[in-house]
Amino acid sequence: MRLKFIMPAVVSAALAGTAFGTAGTAVAGTPGAARPAETAKVAAADCVSAWAQENVKIRKERKLNSTAVGLFTKDAKTCILAKGTGQSYDLCNRSGNDWYKITFRGNTGWIPASCGMREV
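Residue numbers (the working numbering): 120 to 239.
If you are wondering where the hints come from, they were derived from the structure by calculation, not from laboratory data.
Note that the structure is a prediction, hence the values are computed from the model and not measured.
There's no promise every hint is true.
Derived DSS-like pairs: lysine-lysine, alpha-carbon spacing no greater than 25 Å straight-line [as the list claims (entries may be wrong)]:
1) K202 to K176
2) K202 to K220
3) K196 to K176
4) K220 to K196
5) K182 to K193
6) K182 to K196
7) K220 to K176
8) K202 to K179
9) K193 to K179
10) K179 to K220
11) K193 to K176
12) K220 to K193
13) K179 to K196
14) K202 to K182
15) K220 to K182
Make the full structure from the sequences, and use the hints.
Listed below in structure tokens is the structure:
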């Protein structure tokens with residue numbers, strides 16, 4: 120007989136959990152919650168793009184012999200996350216020691232700045 124009384128309480132708790140987060144605050148989809156499209160527009164406006172002049176390896180560290188974590192393909196674009204100095208290089212018809220941190224196709228790492236032309 121007790122099971123009849125417990126079941127409505129379990130269903131009510133489950134339904135209440137879909138409308139509120141663990142701390143009792145409203146979840147996304149309610150007024151005042153951040154909308155993904157608006158967030159993407161703001162992020163795109165703040166993005167300084169890197170454009171790949173040729174295929175270039177995305178490196179784990181700012182060194183030419185560092186482990187490659189991906190490939191930034193020719194004519195691709197992505198946002199520059201950070202800028203730093205590292206090992207000197209002579210690549211993409213230029214020399215320097217500036218590196219850009221990027222994420223491309225899920226791979227985050229560093230590319231020589233001379234190979235990832237900066238676009239504003």
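Looking at the structure, which of the earlier hints fail to hold? none
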